[in-house]
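Chains as they are written, first to last, in the working numbering: chain A, 437 to 725; chain E, 1151 to 1404; chain D, 164 to 510; chain H, 3 to 395.
Since the hints were derived computationally from the structure, they do not count as laboratory data. Possibly wrong hints are sitting among the right ones.
Unchecked claim - Label pairs and their in silico Cβ distance ranges:
id, chain 1, residue 1, chain 2, residue 2, range
1, D, G495, A, R522, 20 to 26 Å
2, D, H289, A, E598, 30 to 36 Å
3, E, G1327, A, R622, 29 to 35 Å
4, E, G1286, D, L332, 52 to 58 Å
Ideal Cβ positions, reconstructed from N, Cα and C, are used throughout, including at glycine.
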Amino acid sequence: METVFGIAVDGVAYGMILFIISVGLSVTLGLMRVVNLAHGAFAMVGGYIASSVMQGAGLPYELALVAAVLLTVLLALPLERLLYRRIYGSANELAQVLLTIGLCFVIVAGMNYLFGPTLKRIPLPDYLSGVVMLGPKAISAHRIFVIGAGLTALVGLWWLLERTDFGIRLRAAVDNPGMAAALGIRTERLYAATFALGTGLAAFGGVLGSELLPLEPYYALRYIVLFLAVVAVGGAGSIFGSAAAAVALGVIDTAGKYLIPNFGEFFFYTALILILFRWPHGFFKRGTA
Amino acid sequence: MTPRLQVRGLSKNFGGLQVSSDIDMDLLPGDRCALIGPNGAGKTTFVNLVTGVIPPTAGTIRLDGEDITGLSAQARVRRGLIRSFQVARLFRAMTVREHLELAVLEREGRTFRLFASVRRVPGLEEEVASVLDIMGLEAVAGTRVGALAYGQQRLLEIALALAMKPKVLILDEPAAGVPHSESQRILDAVDRLPADLAVLMIEHDMDLVFRFAKKIVVLAQGRLLCSGTAREITADPRVREVYLGSRANAHRPS
Amino acid sequence: MTAVATNKDTGKPAGKGAPGRLGRAVRDHAGVPVMAALGLLGFWLFPEDLGLMTRILATALYVLSLDLVLGYCGIATLGQAAMFGTGAYAAGIAAVHLVSDPLVLLAVGGVAGGLIALVTGALILHAHGLTLLMLTIAVVQIVQEVANKARDWTGGSDGLSGIDPSPVLGLFRFDLYGRTSYLFALAVLLVMFLVARRIVRSPFGLACRGVKEDPLRVQALGGSPRRYLVGMYAIAGVFAGVAGALTAVSTGIVGLDSVSFTWSAEALVMLVLGGTGRLYGAVIGTVAFMAIHHILAASDPFHWMLFIGLFLMGVVLFLPGGIASLGERLSGLLSRSPSRTAEGDRP
Amino acid sequence: MKSVLRGALLGAVVGLALGAGPALADTVKVGVIAPFSGPFATVGKTFKEAIEVYQAQNGKTVGGHTVQFVYKDLDQANPAQSKALAQELVVKEKVGYLAGFFFTPDALAVAPLIDEANIPAVIFNAATSAITEKSPLYVRTSFTLWQATVPLAEHVYKTGVRKVVTAVSDYGPGIDGETAFKTTFEKAGGQVVDSIRMPLKSADFAPFMQRIKDSGAEAVYAFLPAGPTTLGFAKAFNDNGLREKGIKFVGPGDITQEPDLLALGDAALGITTTFHYSAAHDSAMNKAFIAKHKELFGSSDTVTFTSAGAYDGTHLIYKMVEATDGKRDGAKAVEAVKNLAWESPRGPLKLDPASRHVTQNMYLRVVEKVDGQLVNKEIETFPNQPDYGFKGK
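Sequences are here, hints too, so could you generate the full structure?
Structure (structure tokens):
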């Protein structure tokens, strides 16, 4: 029983971290139909920014997190204008893959040049670096914080996409771009805003997840499969789907590693295949945010 | 004479909604029949039921006497029940000739030949040439479909159907989107179809219907309203009621 | 995931009497002899770089296999290395335990690659888009994990070494300078290229291109899109398997990297650089990618990623058909025959 | 046609760029194959810097022959590419020696080639015991997992620990480490209660920690490749309360290699390792090495075990060049050094003639904070440890 509880807690915690990093990708992929393989690169850039403003400018963790999100968005918006805008639309998937992987390479090379190839840290404040006991189960305070942040992001996104004017217009623009334009919705701005949302979430996740996915220049490429798995299982564009998928994959991975560590990889990918057989479009189709 | 296509009691429910109910129809070899009806009459559903895209709730469909109700769409195609599409569904990057070659090869089940050159399949070039000739498409045989005028794409749709040697051909609004001035070309092409073929045309354009059809079937609210010659149909008060009541709808492009 | 390349290998000359038919026929038949001549020229010009050039040739065959699925069927896959690696390991294991004839080893690799592609293709090719992409990734990860676990057979992460093929046709020994390897690889590539061209111009190839454009329409013609996809996937698996076996034979070792996600992704990059749906685009892309990598990595490895990143973005934005389309565009500019641009134009 | 022509042009350009550089008279070239880009780029950097330090200290010539190093980038474990690069080095650059090799498969790949060309390959790192069995021309100046693990296992037993769980990454070196620990520890009378092999791509280590906890072990022997995975493992060890429970964390020294210590931070404190080299090693020769490194490159933060492997490897190459008077005779060169003993920054070294691998001191180290900086503090020496994993022919 304790084992089951342990697996559940670890799995959910891992899943929430996956969710926080992947949900931005789900937003851009599902709502803008852009296969953004540079998503991990934006997460990494966010992490690096947080790391350097903390260690360079001495900002506290919370402010560094905000700075990382804002600066990453600021850096990414010109890219949206120059690059992404040319490849919107589902007919361009291969071009999207190539362009964004190219961008990813450039960012990796840039980070390597600027910060060197070694691991970078984002030091945690004291109140997050301890261990909390959940009954018999020890879990780091940071993970609890991440779970909280994940739930906040989940609710916030749901509210943003379902309950605000922005969300309504965005979904209208996605479902029927021509009609939206005729109604005077400025799709270009809407897309830029959504892209900013996606990259902001990436940076947010990059900073919060850095305890688990450590920062180094190859971060951008190393974890992209994991992020894609979450989005594929969750259903692109579905916020709740991403959360469900992330937690499911987190629990599956944790259970596999705990129960049969020597075959953990088999377990994970076999489960992934079975899930995709059962739900070929993900847990939730796009549209049900 | 056995009807080429025999439909009996064909019905379809979506949930509680009766979209087709109890439709009977016979198509004899050489028939030139038109299926008309106002929007929402269930014409598309009827075509989808007959071609096997959706399964019927009740009823039977026979092709040359054989019960094909339980067969898949592909199996029906292979038996000679062919349709053309309302919106041209073509392979944009392929040439006109390649379309016809593919259609013929599919019909003959030769597409799993890996090492034969398309060029050297016996009889293929002749057959494609003859279809091109019938449809008047020789001049554009080497052109990619993406670069073809819309009217020619519609012709190619019919050419594709022809290349599949149909027994029954269903033309789903063959002139949709084609300017009125050009619809005659399509009709000419339809006229050149083999005489023993049974053709069912679904069409909104009454001019076209009257020029083409010897027999007209009217569908309304999923039911067979009436059938007969052009004169009988125009004289039928029920048709006038259905049509005049929703005249505006009937001519709206779909 | 389709639609980057719009130019297609039409597989036959355009309408009768169309202008340039002769020119096209010449180009059509000159391609392979030119490739062979260039290959031999390379042999003669750079006798000291045969190791690298052999790798380029084997890789070109691997990328060619990807073109068969992506360029002719529109299957977006990041799992092509599963077939390459299976072929390489099968050939390697056969070489260590059973036979040493290089041609037999290639056949073993091809059969193994084809079988794994047939089995996995039948399982996953019902899916589309991102789901299919994930499934192909999952397959390659599982195959890699199998190779890692089966240490007794594959050597695990240490690699499978001790592959010592006998002389080609019993005559030509694999020498230190890589002469035999190179010529052997060149011959294999040319033969496989011809076979691939034959296949894409066959009725089967035509049907596959139809599926790539619109599977439902193919269904309406009475065809079964899934069978074509699985068929071509298996054929491409044979090609990838032969490429893997060729690498194993010419280098004498197989590593886990040959069944990696990275290796799959690299193939995709090389193919799209060269241009999809043309076959020779795969060859050009591979040569360009690997040669540039070699030069840049020799001068400063850190710049490699920056350069290839910019190069990729440049190709997507300014040359959507890949490098191979450059030649087509140039010839299009030179001979402005209006009918030509509309037709399936083959340089 | 045009595109093919382009290919030809490109080929010509490639050829010109590659073919440049005539061979210098009386220069012995050494080809170094190592990762200079990619996730393991630091390794190549440490190799190159150590070689340059050695050359700065000892001159670029030996016995009248200039020794020139040619570097080839191999960013990941890719044996086929390793072979192609080695072939190029031998055929085109006409190198007399091959060196470097971070990953085992890359080193194994060149065995047939060095045999045929009769040139020695000096392995700076690749740590699987079996490599040197594959060709008599391999010489290795690094360490093996067996070499580091056997004294560690004995030490752990001596401290009174009886129950240990091993947790290693599921690849060659990890399995070597697991086997070495298990064999030694059980021979001593201890018990390995669970052997966990973790997938290389693991990101979350919490489940393994739970398993370690549940196993009731008093210590965990861990081996993972340096970098993000080790960091994740060490963090998880602390976050899941294993440290608080008093479980000891031991392993070979790769896991606390110097360039990663900064990022590991306090999570690394108290990890006990055995290894052949620590940048904090207290000897005149090491101090001179570090000082020279700082002088040449501004910082010595990245100096680590791979630096030591390359430094001593360079020493061996110099000795071999001297012994063969610059001629290309691999068998003779190896013969000349295979009983060599010398002093290195890491301590006394001696090649074992059978395995051609260095017999060396292993140091027991604990990660501590010295002057605010984390270092591997050496607390005990196990002298003259051979490669226990070498089975011979």
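C-beta pair G1327 of chain E, R622 of chain A: status relative to the range 29 to 35 Å that was hinted: Between G1327 of chain E and R622 of chain A, where Cβ atoms are some 31 Å apart, the hint holds.
H289 of chain D versus E598 of chain A beta-carbon gap, inside 30 to 36 Å or not: holds (32 Å)
Beta-carbon spacing of G495 of chain D to R522 of chain A - inside the hinted bounds 20 to 26 Å or not: holds (23 Å)
G1286 of chain E versus L332 of chain D beta-carbon gap, inside 52 to 58 Å or not: This hint holds: roughly 56 Å between Cβ atoms.
In summary, this structure violates none of the numbered hints.
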